[in-house]
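Asker: Protein chains in written order, with the working numbering: chain C, 1 to 164; chain H, 1 to 164; chain Y, 1 to 164; chain G, 1 to 164; chain X, 1 to 164; chain S, 1 to 164.
Hints are computed from structural coordinates only; laboratory data are not their basis.
One should not assume that every hint holds.
Because identical chains cannot be distinguished in the list, a pair is counted as satisfied if it fits within a single copy or across any two copies.
[What the hints assert, rightly or not] Calculated pairs, DSS-like style, for lysine-lysine (alpha carbon to alpha carbon, straight line, at most 25 Å):
id : residue 1 : residue 2
1  : 134       : 107
2  : 22        : 150
3  : 22        : 107
4  : 134       : 150
5  : 150       : 21
6  : 150       : 89
7  : 150       : 107
8  : 21        : 134
9  : 22        : 134
10 : 107       : 21
11 : 22        : 89
12 : 21        : 89
Number of protein chains: 6
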Amino acid sequence: MSQFTHFDARGNARMVDITAKKDTHRVAEVRGEVVMSPATLQLIQQGGMTKGDVLGVARVAGIMAAKRTPDLIPMAHPIMITGVNVDFKFAPPDRIEIRAIVKIDGKTGVEMEALTAVSVAALTIYDMCKAVDKSMRIENIRLVHKSGGKSGDFIREGEQPWEK
Amino acid sequence: MSQFTHFDARGNARMVDITAKKDTHRVAEVRGEVVMSPATLQLIQQGGMTKGDVLGVARVAGIMAAKRTPDLIPMAHPIMITGVNVDFKFAPPDRIEIRAIVKIDGKTGVEMEALTAVSVAALTIYDMCKAVDKSMRIENIRLVHKSGGKSGDFIREGEQPWEK
Amino acid sequence: MSQFTHFDARGNARMVDITAKKDTHRVAEVRGEVVMSPATLQLIQQGGMTKGDVLGVARVAGIMAAKRTPDLIPMAHPIMITGVNVDFKFAPPDRIEIRAIVKIDGKTGVEMEALTAVSVAALTIYDMCKAVDKSMRIENIRLVHKSGGKSGDFIREGEQPWEK
Amino acid sequence: MSQFTHFDARGNARMVDITAKKDTHRVAEVRGEVVMSPATLQLIQQGGMTKGDVLGVARVAGIMAAKRTPDLIPMAHPIMITGVNVDFKFAPPDRIEIRAIVKIDGKTGVEMEALTAVSVAALTIYDMCKAVDKSMRIENIRLVHKSGGKSGDFIREGEQPWEK
Amino acid sequence: MSQFTHFDARGNARMVDITAKKDTHRVAEVRGEVVMSPATLQLIQQGGMTKGDVLGVARVAGIMAAKRTPDLIPMAHPIMITGVNVDFKFAPPDRIEIRAIVKIDGKTGVEMEALTAVSVAALTIYDMCKAVDKSMRIENIRLVHKSGGKSGDFIREGEQPWEK
Amino acid sequence: MSQFTHFDARGNARMVDITAKKDTHRVAEVRGEVVMSPATLQLIQQGGMTKGDVLGVARVAGIMAAKRTPDLIPMAHPIMITGVNVDFKFAPPDRIEIRAIVKIDGKTGVEMEALTAVSVAALTIYDMCKAVDKSMRIENIRLVHKSGGKSGDFIREGEQPWEK
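Same shape as in the complex, but just chain C (with noise of 0.2 Å):
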């Protein structure tokens, strides 16, 4: 199983070491979306435009939940991200867009602080829209783009740009 770099020669799980590698600027995007119903989209873009601002509440949460990563993940290195960005796009009839960026200058990538960002601003939604709707669905939680690092940059195909 020597392919999963977080097991050593024996199978135990280990924080892999990373200390000989070089710090290097990078960048790592992820996107997902939030499934609900029309009526439920209408009250959050209502709410955007007017007050009780459901995705307000939800960007800072998404942006806090990147600097916990290394508290959620378990072999994930401790890092200091220098820039953090959640956005989101109303995809109607009944769906909400969130994407996050994330950038380092370090030894590790920061793709997993970015699908904590995502994930997180997803939960912080439903969150604050269960009373209405109990059938919203978190989907489509993936990478977007990496780059920096000796792997070499990671563009997922078939991406639409973010701002038209």
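With chain C fixed as given, assemble chains H, Y, G, X and S onto it according to the hints.
Answerer: Frame of chain C, contents of chains H, Y, G, X and S only:
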């Protein structure tokens, strides 16, 4: 926007007042999936049987994350969950199903705790396998069943029993 | 030094034993202020009405901090607060007033949770505005009202009602 | 609202990108006060000299809180502070002055860490004395001095030296 | 492996379901030791009497750690402890004895909280003295007494009373 | 008391200033033991081979705890460890040996992180087995080896190699 209980009359986010609610037995069941390449799934299956137990680590991460829910979700109440199970099922050729069941004897439901447990278990699977497969996706995280409390039971239609 | 309950007879700090106390409904209200230049206050007011919502972020930070109180204050008991509100009021030309109300059905009071919520909301306002005004001051954080529990109610004299 | 760097062009909160900034030696000094009845101040003074050391506990709380700053302040960067001092001075008849000095060799300043250390030290004094004095107030938390980084030094006018 | 309640019938780790258990008064007492060179012990004793209070800091650390137990021990339930005492005794020529007593009115015992308090108090003593003595050892951390709950009381044989 | 670097000249605890220190590669190895009844040891051994993996859970707990060290130990610096291994060895008839190795490229040593990892792994073994054996003891937690940094290497005399 009175339908969203997490906002007051002026649209300001708040932690909903549950002081006067009674303790009742409550249960929530949440499921989700990690979709990956068939080769990655086979690596995880082999590890689980011999050594390098991805799912064992993900289970611990999910259970611990359930306890961290109030630290992550801004308006979630601090609560004392009384039981957590996190389970996995291989769904060849390309996915792992995750299920969390959370219990409490308390004033509020535990769906956020179960959703967080599944989300962090999924993120941990991603983390431990990302060296071999960056294209994995987290899919279909949803509340399957909920009981206890004044708002009544919730059963998502069309779900299969977990164990056959 | 027997008056300080957080020390035992030999002067050693301890978490006071509340095992035998009964659960009662308790409320605490705390207020405080951030004093800044009139220009900074105007920038925040403009943002709140259009975009760039400093107070929205500070409210989330204050509510989340109330939940972290036992992690921060060494002798504070871990408790399950059942409701938190954090509000703001512009007091031109140069200050923002902050108010937190915290509720519980528990064995001990929640003034520390309300004090922590106001303190962290104030710190967050400072953080978000420090690029334009490093001279801001946090002022007058005080318990305004407290009810529930054996020691009786506390009402600070000379306080104005929050809403006029 | 471009002056507030914690918002992007559309007014969405973000963790400011500091990836490209250089590590420099930085220091921040923050002060604040807890105002109380003269009788309470005397109790604390007596305890410090014989037993029941309120300020010893508050110092530990302040130092530990400096490390928790990124968990509490939503847009604060995770950083590795390299030194913290928290000191106290009796200012009879009715107040205790608190000072925190925080140091780092890093990409961003440490004023939030020093402000958090003073705030939590003050809250801890309140907590340990609240059984005898609920009227205490936390006052005048302010940045006194800051050096290092591109934006230049900050020295608040009119401050007295800490040690006479 | 049914004797280990933290595993289900298939051997998967779980947080044991205590939903149906009743709240009862429970107490746990744990003790442990830090063994060091006689010279190090003398330095700590001198500090405690005059200034530089190693044990004062270790006591705060132990009390705070008791509250963090569910964050550290994967299958431990989140609980609301209602009292903690951490005490120290010099045992010349070469050791410090540590004792923690934790109380609760709850559904499960508090021996893990008391064990964690003693462990972290011991680690803190090590940390504060390691510049002068790297050979210190943490020894004999054990449950001395436990009462409350359905499984009955536990009293370790051969233990001396703490206070003579 | 100048020998204890964690206190200033007046005996006040502080986080030692390491701002000016250089990053160097550092490693620390810590070992400890959990002593139990032979019957308990056999149950754990059987579980590890078939199902109910006590040591797998304890390993995850130890690795995660290494990352929480600055949250637990008051004067410990926040640092970014770059690798952690936690291993176990059965020492029949009545004990399990634990070893943690922690690495960093940083300004300060990692012995506290390794000591914390071993302590929490031992506590987790206790937690998972306490239903069958409350008499277990945690023994002999000690630094075995340390390298890197200005103070030179430390090798404890009389230790056996971990792997034979």
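Asker: Work down the list of hints and note, for each, if the structure agrees.
Answerer: Quick rundown of the hints versus the structure:
Proximity of residue 134 to residue 107 under the C-alpha cut-off of 25 Å is restricted to the inter-copy arrangement: shortest distance 18 Å between copies versus 41 Å within a copy. Proximity of residue 22 to residue 150 under the C-alpha cut-off of 25 Å is found in both arrangements, the shortest distances being 9 Å within a copy and 22 Å between copies. Taking identical chains as interchangeable, the C-alpha atoms of residue 22 and residue 107 lie at most 25 Å apart whether they share a chain (5 Å) or sit on different chains (16 Å). For the identical chains of this complex, residue 134 and residue 150 are inter-copy neighbours only, at 15 Å across copies versus 43 Å inside a copy, given an alpha-carbon limit of 25 Å.
For the identical chains of this complex, residue 150 and residue 21 are neighbours both inside a copy (9 Å) and across copies (22 Å), given an alpha-carbon limit of 25 Å. For a Cα distance limit of 25 Å, the shortest separation of residue 150 from residue 89 qualifies neither inside one copy, at 33 Å, nor across copies, at 34 Å. In this assembly of identical chains, residue 150 and residue 107 lie within 25 Å of each other by CA distance both inside one copy and across copies; the values are 10 Å within and 24 Å between. Taking identical chains as interchangeable, the C-alpha atoms of residue 21 and residue 134 lie at most 25 Å apart only when they sit on different chains, with a minimum of 20 Å there against 45 Å within one chain.
Taking identical chains as interchangeable, the C-alpha atoms of residue 22 and residue 134 lie at most 25 Å apart only when they sit on different chains, with a minimum of 22 Å there against 46 Å within one chain. With identical chains, the CA atoms of residue 107 and residue 21 are at most 25 Å apart both within one copy (5 Å) and between copies (16 Å). Taking the shortest alpha-carbon separations for residue 22 and residue 89, neither the intra-copy value of 36 Å nor the inter-copy value of 34 Å comes in at or below 25 Å. Taking the shortest Cα distances, residue 21 and residue 89 never come within 25 Å of each other, neither inside one copy (37 Å) nor across copies (30 Å).
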